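Asker: Listed below are the residues making up each chain.
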Amino acid sequence: MTTSRFDITKLSIMRWMVIATAFGFLLILPFDPLVIGTVIASTPPISEASQDCLGCHEDETPGIVADWRGSRHAVTSVSEALKKPSIARRVSVEKVPDSMASTAVGCYECHGLNPAAHKDNFEHNDYKINVVVSPPDCATCHPVEVEQFSHSKKAHAIDILEKNPLYHTLTKTITDLKGFENGKLVSMGAAPMANAKSCFACHGTHIEVRGMKTIETEFEEVSVPDLANWPNQGVGRHNPDGSFGACTACHPRHGFSLETARKPYTCAQCHLAPDVPAWEVFKESKHGNMFLSESGKWDWNRVPWRAGIDFKAPTCAACHNALLTDKDDEPVVERTHDFGSRLWVRIFGLPYSHPQPKDGRTYKIRNADGLPLPVTLTGQPASSFLISKVEQKERRAMMGSVCGFCHSTSWSNDFFEQMDQTNKEADRMVKTATQLMQHAWDKKLADPTNPFDEVIEKIWLREWLFYASSVRYGAAMSGPDYVGFKYGWWNLNENLRELEKRINEKKISAPP
Amino acid sequence: MTTSRFDITKLSIMRWMVIATAFGFLLILPFDPLVIGTVIASTPPISEASQDCLGCHEDETPGIVADWRGSRHAVTSVSEALKKPSIARRVSVEKVPDSMASTAVGCYECHGLNPAAHKDNFEHNDYKINVVVSPPDCATCHPVEVEQFSHSKKAHAIDILEKNPLYHTLTKTITDLKGFENGKLVSMGAAPMANAKSCFACHGTHIEVRGMKTIETEFEEVSVPDLANWPNQGVGRHNPDGSFGACTACHPRHGFSLETARKPYTCAQCHLAPDVPAWEVFKESKHGNMFLSESGKWDWNRVPWRAGIDFKAPTCAACHNALLTDKDDEPVVERTHDFGSRLWVRIFGLPYSHPQPKDGRTYKIRNADGLPLPVTLTGQPASSFLISKVEQKERRAMMGSVCGFCHSTSWSNDFFEQMDQTNKEADRMVKTATQLMQHAWDKKLADPTNPFDEVIEKIWLREWLFYASSVRYGAAMSGPDYVGFKYGWWNLNENLRELEKRINEKKISAPP
Amino acid sequence: MTTSRFDITKLSIMRWMVIATAFGFLLILPFDPLVIGTVIASTPPISEASQDCLGCHEDETPGIVADWRGSRHAVTSVSEALKKPSIARRVSVEKVPDSMASTAVGCYECHGLNPAAHKDNFEHNDYKINVVVSPPDCATCHPVEVEQFSHSKKAHAIDILEKNPLYHTLTKTITDLKGFENGKLVSMGAAPMANAKSCFACHGTHIEVRGMKTIETEFEEVSVPDLANWPNQGVGRHNPDGSFGACTACHPRHGFSLETARKPYTCAQCHLAPDVPAWEVFKESKHGNMFLSESGKWDWNRVPWRAGIDFKAPTCAACHNALLTDKDDEPVVERTHDFGSRLWVRIFGLPYSHPQPKDGRTYKIRNADGLPLPVTLTGQPASSFLISKVEQKERRAMMGSVCGFCHSTSWSNDFFEQMDQTNKEADRMVKTATQLMQHAWDKKLADPTNPFDEVIEKIWLREWLFYASSVRYGAAMSGPDYVGFKYGWWNLNENLRELEKRINEKKISAPP
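Same order as they appear, the protein sequences are chains A, B and C. This note's numbering puts the first sequence at residues 1 to 512. This note's numbering puts the second sequence at residues 1 to 512. This note's numbering puts the third sequence at residues 1 to 512.
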């Protein structure tokens with residue numbers, strides 16, 4: 001026996017430990033066949049064009065290159081992706097052009113698409129490059145998602161604010177720049193950047209190509225498109241290729257991580273207190289408690305996603321858009337990028353809760369007062385523009401099937417009942433506030449020409465835009481403080497009393 | 001030498017790497033004897049009854065089944081649990097009925113207990129099932145915890161609001177539904193769901209059995225108890241078996257994870273700004289900084305819990321109720337489920353800080369004004385209902401021994417001194433606000449019949465319910481912003497000035 | 001073949017699995033040569049003095065001992081640390097006294113330094129121990145960091161509040177204790193602990209040695225220094241050795257974890273809404289989304305830190321003070337502990353945005369009104385005390401190179417443009433509010449002697465101290481809600497209207 005050979009006897013304990021340990025680790029490896037495929041697949045080649053991009057950008061913008069290298073786009077080709085069973089796919093196309101089927105989805109595969117449509121396309125080191133990748137570009141591989149998204153309110157998020165004169169007035173009033181002249185405040189018009197960095201940071205800006213400009217970088221002088229209202233990642237962005245939307249609003253560049261999109265922090269970029277406290281309410285709920293306490297151990301990347309197995313408590317994505325399956329990968333709810341399509345009632349952004357609109361372009365609605373709002377100021381719904389009772393019931397049942405992973409049908413029914421009742425109560429408070437406000441308008445104590453600019457009008461706005469909305473979210477997702485002390489019933493009552501007081505003061509000081 | 005045998009020489013480097021790596025991993029495995037026992041123990045059998053439950057519920061509610069399968073209840077029997085040294089046990093019973101000693105703690109082991117007491121018990125596929133598992137049910141294995149809990153304020157959280165006429169008035173006033181009639185706001189009484197989804201979502205509702213109802217599920221039609229004020233997980237819930245409390249308020253179904261209960265997100269479901277900003281203050285403290293930055297590496301599941309070894313900075317559980325031991329597993333503080341029993345001073349929910357009540361049923365207190373509050377409006381404590389100075393000193397020393405894991409006695413003493421002084425200062429501001437309010441009541445500028453419903457009364461309420469409370473929490477747990485700009489001294493002064501201004505206005509407009 | 005030898009044939013599959021698994025783990029181990037060194041180095045000896053400390057403190061304060069044992073200080077000696085390439089070092093000294101070069105950096109190595117300078121030094125079991133370790137002590141190994149820090153505003157955080165009469169008045173007004181006499185509020189002077197636990201909890205207190213005192217611990221009676229204004233970890237703390245600053249403000253005891261310092265929770269102890277909403281804005285930004293969603297997988301401990309490789313999205317530390325390198329460990333920005341030295345504009349704490357001060361001791365500034373503020377109330381900068389346009393441009397380019405890891409130069413330029421424009425808009429609103437306030441002062445509707453104590457003055461303060469600051473932060477770090485609804489433009493306008501209303505009321509009630 002040579003010295004280079006192991007003395008098995010001596011080593012038997014250590015060897016046992018080696019085997020036991022390594023074997024133990026093997027046991028905790030994902031044996032899931034849907035996952036194994038991915039692990040074993042070899043990394044596809046990078047196209048010549050993308051290789052050229054990387055040649056410089058590996059040094060120019062190493063962060064996004066490294067991010068991309070860690071992404072699924074870098075390690076899978078579309079043709080490999082299509083070998084998976086359809087339930088496990090992240091692509092929804094059946095076939096892509098041969099030219100890009102077998103390579104990694106690299107720089108040029110995304111930034112080189114549809115150059116003719118892209119006003120932001122420019123000649124860059126012998127390639128024609130788009131600055132702003134748009135939903136139609138993403139649709140090359142993800143057409144179903146882009147098509148679904150196009151029907152959502154999100155895709156029309158700019159028009160919803162701009163084409164609806166009431167919301168337009170509201171945004172302009174909130175960001176109105178004021179001067180001081182002759183002892184008085186005077187309006188100087190909406191501050192342009194204020195709009196772009198608040199409302200339209202989430203809703204999206206109009207990206208326009210003003211021409212070309214020369215930029216001095218660390219490495220060279222380059223000529224690039226001169227874009228107005230850019231940067232912006234708003235979800236309803238108007239892109240230079242004429243399309244609407246920004247996939248990167250939720251799938252941040254350039255990792256496009258499914259894990260990130262599934263985590264509530266993504267939605268929490270925009271769905272926030274005081275007007276849309278979805279994140280804050282979730283965070284304070286029992287679901288949020290479980291997410292925050294336990295989610296380090298969940299499988300955030302499996303497709304399809306199995307409630308209870310891959311994750312223990314729902315996040316925004318679970319209830320609102322992910323494909324969820326049972327333990328045998330049978331679908332319970334289908335994936336959707338038409339956000340809101342699982343919802344039957346809409347609880348924010350308007351004085352009263354109301355059935356979901358049929359169409360994402362809500363500015364097309366006309367209610368009984370002729371206004372582009374789904375309800376009148378007295379609470380009458382514009383029913384022909386809203387989903388039917390049958391549709392409401394179907395959606396509620398669909399959401400119930402999500403709850404049903406963990407809760408009995410009886411439990412969920414009772415929970416939805418509580419939510420309905422809460423909406424009614426909050427709506428009633430708003431109605432009272434609105435009657436009080438209407439009373440002031442009628443008595444000429446306020447001027448309804450712009451219903452949002454005076455002190456008492458802002459108090460009225462708070463009642464529904466912030467407080468009633470919080471109460472409804474607090475009940476819908478179980479965050480008690482948002483029903484109570486935090487923008488909730490405490491504020492509904494305190495604010496209503498203040499509105500009454502302010503109006504009474506005006507009555508006293510007003511000429512008879 | 002056959003080809004199937006390794007060429008040791010060639011492989012020696014790789015082999016060394018294998019051994020070194022695997023051995024390295026072995027070294028980081030928990031060699032802790034208290035843990036090893038658990039790992040090695042084989043999974044106990046599931047009782048026939050629970051197996052029957054799983055037969056359907058594996059498909060009906062797969063999420064909670066999967067959650068349970070990952071829980072300690074699923075992998076340990078009580079008899080196995082009792083083999084551990086008592087310091088390491090999670091069960092506090094010495095013996096359970098033979099029928100459940102050797103099986104997993106499954107569905108029926110919890111939902112089938114004490115059927116005679118349970119008004120929510122119903123016949124379900126030949127089993128008698130309780131919908132709502134209650135503290136007496138949990139006491140089958142965890143009697144000490146349930147007994148401790150029964151003395152806490154938490155266990156009496158409903159009665160504290162309802163049997164104390166002042167708090168009862170406060171909750172009803174906060175959630176008062178308003179109408180508008182003849183140009184005036186009119187009260188329509190407390191909105192029922194507003195109460196249930198705010199105050200009583202945390203404090204608990206009265207779960208009542210109205211009878212039976214038929215539910216259509218995806219699989220079948222079932223007859224189930226019709227429960228009023230359900231769902232609810234409030235910590236003081238009144239259960240259909242007549243008991244008080246909901247263990248699931250902090251130990252969410254059906255994983256009952258110790259890790260979750262030990263994380264501050266659990267307490268943060270209810271102990272929140274603006275009235276009880278425990279979580280927010282913690283989050284902004286140095287303890288919170290360490291928790292948020294480092295806790296991914298801590299051992300959240302070891303019993304007993306060793307400060308500095310298993311965790312580096314305290315969470316709510318560490319200071320307020322966990323069993324903490326030194327490195328030799330010698331207890332430093334005992335586990336308690338009588339929350340508040342380590343505290344000597346109470347700093348929220350009342351105008352003034354005061355010694356902790358002796359009994360969790362605080363509505364039994366009578367102060368010098370005959371009110372069920374531990375202090376009078378002028379700050380006089382109802383001493384006979386509150387813990388003695390000796391007891392206060394003992395509790396302070398006990399908490400000091402928790403601080404003592406990381407801080408010197410001198411440091412802790414000085415810190416407590418700062419906290420005491422802060423309480424005095426905040427109390428002084430509340431006293432001034434209360435004197436001002438009393439002045440308004442005396443001058444008939446406000447009506448004390450309901451001391452919480454008028455605009456100026458709400459300003460007074462803010463002074464103590466929100467701002468003084470924040471200041472005290474900010475000092476007690478070192479969150480400077482809550483002492484300063486965030487509901488702190490900024491607000492104490494701003495709000496007090498506003499109260500004065502509003503009262504002065506009333507003086508001017510009041511009839512002489 | 002003996003039975004103790006493996007039957008290779010039978011075991012070949014398992015053996016393959018062992019090797020494959022272990023090898024797989026090897027592959028994911030950090031082969032980074034900068035890291036390998038650390039792993040292989042053996043733990044240095046503990047000095048005799050520190051061993052004596054541990055003798056008792058292992059039992060007295062086990063938490064900090066365990067924390068220290070897990071720290072780099074416990075596992076590396078300075079001489080080992082100096083063997084690393086300079087780019088990878090955490091120490092900035094070139095040589096330390098032989099006596100401490102080869103041991104772990106233990107208790108006595110830090111608490112025993114410079115005893116003559118330390119008024120808090122005391123005889124403790126035959127050693128001369130300092131209670132408060134100070135920046136000069138840390139400078140023994142980290143002189144560059146301490147020197148850089150000494151120029152920052154942070155190092156002078158106390159003086160900035162105390163030596164500037166305006167800020168001094170502001171802090172005293174915010175924490176003013178009020179009494180109620182003859183129907184009126186009366187000032188009782190600033191509440192001492194209110195100041196210490198709010199403003200000075202972050203800015204730092206003056207630690208003073210009052211003498212010695214005797215403390216009864218669990219183990220013994222000890223005589224220790226009696227420190228005033230202690231405990232405190234404020235970043236500008238005045239220490240008993242005459243120095244300024246507290247390294248533990250950001251490097252919490254006794255792990256001094258780089259990971260913790262690099263995480264935003266550290267900065268979030270102080271840089272918080274409503275006045276400095278850096279953390280809240282970051283949290284709601286896309287950078288924050290990526291941090292919160294993905295950071296569990298980042299390498300928080302590598303020095304130097306590589307954007308895109310070690311971390312995917314910047315934290316506070318990445319942009320503001322960490323040494324960042326490219327993939328070849330070539331520096332892109334150097335490490336700095338002169339916080340703010342990468343910034344060209346200052347956006348909080350003052351009515352108007354303005355170029356960064358040249359010197360951290362901002363109380364030395366004199367503007368055209370003779371006040372120690374970098375701008376006058378009308379917006380005129382005290383240019384000679386502020387960095388030049390050239391310096392501004394250089395710093396902006398430096399920050400652009402940080403953005404440049406992931407964003408094109410054009411993108412960053414446009415982003416900075418948006419930020420500049422936002423600052424201008426916010427400044428304009430503050431100017432209007434200030435003109436309105438000045439109008440009130442001029443008309444004797446308010447008394448400018450203390451410009452911060454009256455109700456309308458507090459409304460004016462809110463306009464700039466909270467709302468304009470939020471708008472600027474929201475644009476600088478992309479948190480749209482802080483530009484809009486959350487202390488943003490909604491509030492800028494609502495508050496300005498309220499200020500106007502309150503002043504108008506005073507006009508009506510004022511004597512002509």
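Note that these hints are calculated values from the structure, not bench results. Check before you lean on any hint, since a few could be wrong.
Repeated chains share a single entry, so a pair holds when one copy, or any two copies, can fit it.
[Said to hold, decoys possible] Derived BS3-like pairs (lysine-lysine); straight-line CA-CA distance at most 30 Å: (1) Lys-506 with Lys-431; (2) Lys-506 with Lys-389; (3) Lys-128 with Lys-506; (4) Lys-213 with Lys-389; (5) Lys-444 with Lys-163; (6) Lys-444 with Lys-506; (7) Lys-128 with Lys-444; (8) Lys-358 with Lys-431; (9) Lys-184 with Lys-424; (10) Lys-297 with Lys-128; (11) Lys-213 with Lys-393; (12) Lys-128 with Lys-95; (13) Lys-358 with Lys-163.
Just so we're clear, the structure is a prediction, and the values are computed from it rather than from any experiment.
Asker: Hints first: check each against the structure and report whether it holds.
Answerer: Here is what the structure says about each hint:
1. Lys-506 with Lys-431: Cα proximity of Lys-506 and Lys-431: in one copy and across copies (21 Å, 29 Å).
2. Lys-506 with Lys-389: neither (43 Å within a copy, 51 Å between copies)
3. Lys-128 with Lys-506: Neither way: Lys-128 and Lys-506 sit 64 Å apart in one copy and 65 Å across, limit 30 Å.
4. Lys-213 with Lys-389: between (55 Å within a copy, 23 Å between copies)
5. Lys-444 with Lys-163: within (29 Å within a copy, 47 Å between copies)
6. Lys-444 with Lys-506: So Lys-444 and Lys-506 pass the 30 Å test inside a copy (10 Å) and across (23 Å) alike.
7. Lys-128 with Lys-444: neither (61 Å within a copy, 66 Å between copies)
8. Lys-358 with Lys-431: Within. Shortest intra-copy distance 24 Å satisfies the 30 Å Cα cut-off; inter-copy 46 Å does not.
9. Lys-184 with Lys-424: Cα proximity of Lys-184 and Lys-424: across copies only (21 Å, versus 42 Å in one copy).
10. Lys-297 with Lys-128: For Lys-297 and Lys-128, the Cα distance exceeds 30 Å both inside one copy (44 Å) and across copies (35 Å).
11. Lys-213 with Lys-393: For Lys-213 and Lys-393, the Cα distance is within 30 Å only across copies (20 Å; inside one copy 55 Å).
12. Lys-128 with Lys-95: within (24 Å within a copy, 56 Å between copies)
13. Lys-358 with Lys-163: within (17 Å within a copy, 48 Å between copies)
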